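In order, the protein sequence lines correspond to chains A and B. In terms of the working numbering, the first sequence opens at residue 114 and continues consecutively. In terms of the working numbering, the second sequence opens at residue 4 and continues consecutively.
Among the clues, some could well be false.
To be verified - According to the in silico footprint, chain A covers these stretches of chain B (three or more CB under 8 Å from chain A):
| # | region |
| --- | --- |
| 1 | 77-84 |
| 2 | 193-207 |
| 3 | 332-346 |
Treat the hints as calculated values from the structure; they're not laboratory data. Quick caveat, the model's predicted, so the values are computed rather than measured. The beta carbon of each residue, even a glycine, is placed where N, CA and C say it ideally should be.
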Amino acid sequence: MLYRENGQFKTTYAADQQTFPIAQDRWAILAILAFAFLGVPLFVDEYLLRAILIPFLILSLAALGVNILVGYCGQITLGAGAFMAVGAYAAYNFHIRIEGLPLLLTLLFGGVAAALVGIVFGIPSLRVRGLYLAVATLAAQFLTDWVFLRVPWFTNYSSSGSVSVANLQILGWQIAEPIDKYLFCLSWLTVFALLAKNMTRCAAGRQWMAIRDMDVAAEVIGIRPMVAKLSAFAVSSFFVGIAGALWGFVHLASWEPAAFSVDRSFQLLFMVIIGGLGSIMGSFFGAAFIVVLPIALNQFLPALGRLLGVTVSTAGVAHAELIVFGVLIVFFLIKEPHGLARLWSTGKEKLRLWPFPH
Amino acid sequence: MNMRQIVIGASATAAVLSSLFNASAAFAQAKEQFFPVLVYRTGAYSANGSQWANGYVDYLKLTNARGGINGVKVSFEECETAYATDRGVECYERLKGKNGGGTVFQPLSTGITFALTEKAPVDKIPLITAGYGRSESQNGAVFTWNFPLLGTYWVGADVAIQHIAKKEGGLAKLKGKKVALVYHDSPYGKEPIQILQELGKTYGFDVLLLPVAHPGVEQKATWLQIRQQKPDYVLLWGWGVMNSTALREAQATGYPRDRMMGIWWAGAEPDVKDVAEGAKGYSALTLQHGAEPGSKVVREVLDLVYAKGQGTGPKDEVGQVLYMRGLISAMLAVEGVRKAQERFGKGKVMTGEQVRWGLENLNLDQKSLDALGFAGVMRPVQTSCLDHMGSSWVRVHTWNGSKWEFSSDWYQADEKVVRPMVMLASSKYAEEKKLKPRTPEECRK
Chain A
114 MLYRENGQFK TTYAADQQTF PIAQDRWAIL AILAFAFLGV PLFVDEYLLR AILIPFLILS
174 LAALGVNILV GYCGQITLGA GAFMAVGAYA AYNFHIRIEG LPLLLTLLFG GVAAALVGIV
234 FGIPSLRVRG LYLAVATLAA QFLTDWVFLR VPWFTNYSSS GSVSVANLQI LGWQIAEPID
294 KYLFCLSWLT VFALLAKNMT RCAAGRQWMA IRDMDVAAEV IGIRPMVAKL SAFAVSSFFV
354 GIAGALWGFV HLASWEPAAF SVDRSFQLLF MVIIGGLGSI MGSFFGAAFI VVLPIALNQF
414 LPALGRLLGV TVSTAGVAHA ELIVFGVLIV FFLIKEPHGL ARLWSTGKEK LRLWPFPH
Chain B
4 MNMRQIVIGA SATAAVLSSL FNASAAFAQA KEQFFPVLVY RTGAYSANGS QWANGYVDYL
64 KLTNARGGIN GVKVSFEECE TAYATDRGVE CYERLKGKNG GGTVFQPLST GITFALTEKA
124 PVDKIPLITA GYGRSESQNG AVFTWNFPLL GTYWVGADVA IQHIAKKEGG LAKLKGKKVA
184 LVYHDSPYGK EPIQILQELG KTYGFDVLLL PVAHPGVEQK ATWLQIRQQK PDYVLLWGWG
244 VMNSTALREA QATGYPRDRM MGIWWAGAEP DVKDVAEGAK GYSALTLQHG AEPGSKVVRE
304 VLDLVYAKGQ GTGPKDEVGQ VLYMRGLISA MLAVEGVRKA QERFGKGKVM TGEQVRWGLE
364 NLNLDQKSLD ALGFAGVMRP VQTSCLDHMG SSWVRVHTWN GSKWEFSSDW YQADEKVVRP
424 MVMLASSKYA EEKKLKPRTP EECRK
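If we strip away everything but chain B, and leave its shape as in the complex, we get:
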């Protein structure tokens, strides 16, 4: 190829490129509420990531099929992060200003959440991290823009210990026990360590920390240690292929699966279905909901979205655990917008700042949940300026070899344990960043 051809080719490509970008800019319509969707449908965590993404996008489609948010239609665009922080940041930058500005971001990655936590206050876009992210961001006075709705890892760890105590017959029985934490070696997996150690000190059990490197397919050494140390319980804080690998290794080492408990990210169909019988008895926490194929909202998705051939993913996955998580995550975002419209004008497109107010004053009672089709899927949520989590209800479900079944009552995190840690960690953050926590007066604005 000679120079001339290269130059001509390059300029032709540039011309096509620029015209395409202009064309895509013309697509934007101002009257729509734009939801940027950060997803990972490729890479090591794609099996789990795409189910969540399908649920998320399907709910946005359902919202449009239901007539939008008080008439305001919803638009969205996906961006692939492959669970990598730098790609996530790029996606965030790409989508935040598009189509009149992003409404909320939900990165579905604790690493990306950490990076975006620094950017959200500058761009004034709220960040919903339902069931993940920074645990201390529950404190809305410091983390003005973060919303770890429905639960954080500290909630999860606390409930896991409560559940173990119940099985053992009381918190006092925990003394001298050994609990191993097999965790994904990333900010995600490390979140529960602090609270587990704290609880270990209080109740007198040992915590054994066993990190697993990304992506988690190499766990031989970890399970050798478990065989040697014989912990009484194993907590699994894994994601993607790491979960099924852990269950296989447990099967291989003969560690009883009914003594293993996963966080809500380690308790979905992709984690167990390849292991099937081998995972029988394994239980995991749930972020309130399990697999809910019979719920009203799922039927509605099937009727209004899939029946018209607009479904995002495979139909048989609708209603599975991670799909429901995506659905709920999108619902929380949409309801935040609806709440904001109540104050700032129904039928208008809300800005990020207004949506933040909506999320902060979210009050989904049983009646509104029933109306949305989430009856039996989740419990009411109410947030406030100081509490960005809303509720901390958790159930446990167990894999019976072919499906997940609920195996416990409702738990709630022990405020006496979690709250002081949240306050301590968030005030440390505020100090490092030289932030002034919001006062109750500022909250009312």
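Bound-form chain A, shown alone:
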């Protein structure tokens, strides 16, 4: 009744081709954005911002990048953590080596560096696919781990191998308070999510999807696999690199290569799989599931224990958190193998027919 597109006539091509053709979607997105930019800063406390929302935003951005590669172009990657690391360390080096380089450019250059590295590690995708490609991208992970641990130049000869940044600002706007950091990350995410949404609807995105669905057929109809695959690697790594730079600069402020270990790569891949392959919305669901759920469980379980009158030990909570988290992953994958995004779209379908389902 509420979610129905009847009566919304498109009279121009522009109206038909807009990003969100259904008016309700448009309004919903605008409302969410308005709430995120204006409402959230009013309501949430520092803990929520620093420990949950900022990591969620940054990892959503990274998941978007991974989704472009894995979900849209069908190239499985286990090297997402590596590209985050490249983004973070490249941005760090631009930051300390070029005096007075604006922060925006620093982060963008970090992304560009990640994109270049992404292209290099995308080359094997021209020959191998599937699981073999996943293993090839794992090489990127181990190589970057090694490089940032072993080559002291990248960490500016820091004795402990840990680097840190401070005094972030754009045109006099000090990004120091959690609320500033939140808005800063949110702006990046908004721009890049719109970019991704549109990219997947244009020629490049259609090429990626053609390659994903059947690369031989795509080649026959005139899509060059090399261009399509490498562009997917470049764009994906760019996104992931920016996310890595934000993770280092804004979230951690001081980091070591362990922040971008192989665990991070797996985490990002799981986000995309659980959230929904080939769906922008899915990246957000996946990120929320992986970032927020463990922390929520960690706080919920002791509280539940108190309610029932039992004291749960810290170790018990940590183990239970893993167990419940694992069970939920299995549950969702069985119930909806196409990810949380599919649940969402099923919900929307139902809403269209409501209150008179077939």
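Fit chain B to the known structure of chain A by using the hints.
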């Protein structure tokens, strides 16, 4: 499951969740000094981490059993970090504002310490890193909020070399020797590299760097290199399972254990007890104390905490090396609060800023240590605004196959070596961060 059920289920969960959080907020009482406890009882380093955590929490319980800090009761809450930096940061954010605000944080992870070093000045909460953390944070003029009390890795590395020199018969005998550093490949393991290289240059010995990747169970290649290069001594900068693995590998390659020396994080019962006889002769530095099951404070913990069934961990681990480290770490924090109360009002709850003053003016002489039950466990500590470490006494203890025994006299780090490095590194940090080091006038405030 249809949509309706999902919606109903989700809203019901949300309702329960929010009521629970409100309930937990009601638990908070303003009249208690709140100690956030970052621990890792799970993960690759849990065996070592939980002993420290048990000691830490037991001391807080003991403080309450003794009647609090001048009457102010202590409250605490644990948060599991699993030794991961991002989880540690989350725990810090979660606990820092709870129950009237966190008093001090002790993350027991050099990686987390690095991340929190950036946050502590903003939130005005001191950071105690007894025996770990950034070595240059000893300089309180730059690192206003960091307290690497009792010792840093630079102290440890310097003393390790002193001990080796003594065994060889003098610093001059070090010339041409080869010392291998088998280290955990993280900020923790990398801390001593700089000073070892410096000392190597001064005394003419070679330093061989052998990193071991987290968590440290894969060391075959490392020990192959040791077999090939035949270093005269091996320094072990490991943590958790890495230590016992290193000792097993040493046994397998036939490297003499009495030429191996660990840092104080590689010299506790979990590191050697599985290797038992194989680790005989292996020695490790101590952060002043070893295993102290006979000390007065341990007896008190057993009487006042364990006898009432309130013990945190297994009773037979009370008094072991890492347990004592936790106990001492908590004691330093509690004494910081007590010192702060002397100035800002006895029987009041102290803020992070006030506790920092207390930690900065900590003066635990022999008499107060005796009163606290730490006689024979540790030596007096006195900090100042410029020196956040307090003391640098170190002993060496050796595993005899069934327990740790002290095998050396007291050492103290060579100020002539450590101090210039601290000043150099901290001024570099200040420059990078555009910080102005505190002047002695500001210190008096």
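Hints, verified against the model:
1. 77-84: holds (count 3)
2. 193-207: Result for this restraint: holds, n = 4.
3. 332-346: violated (count 0)
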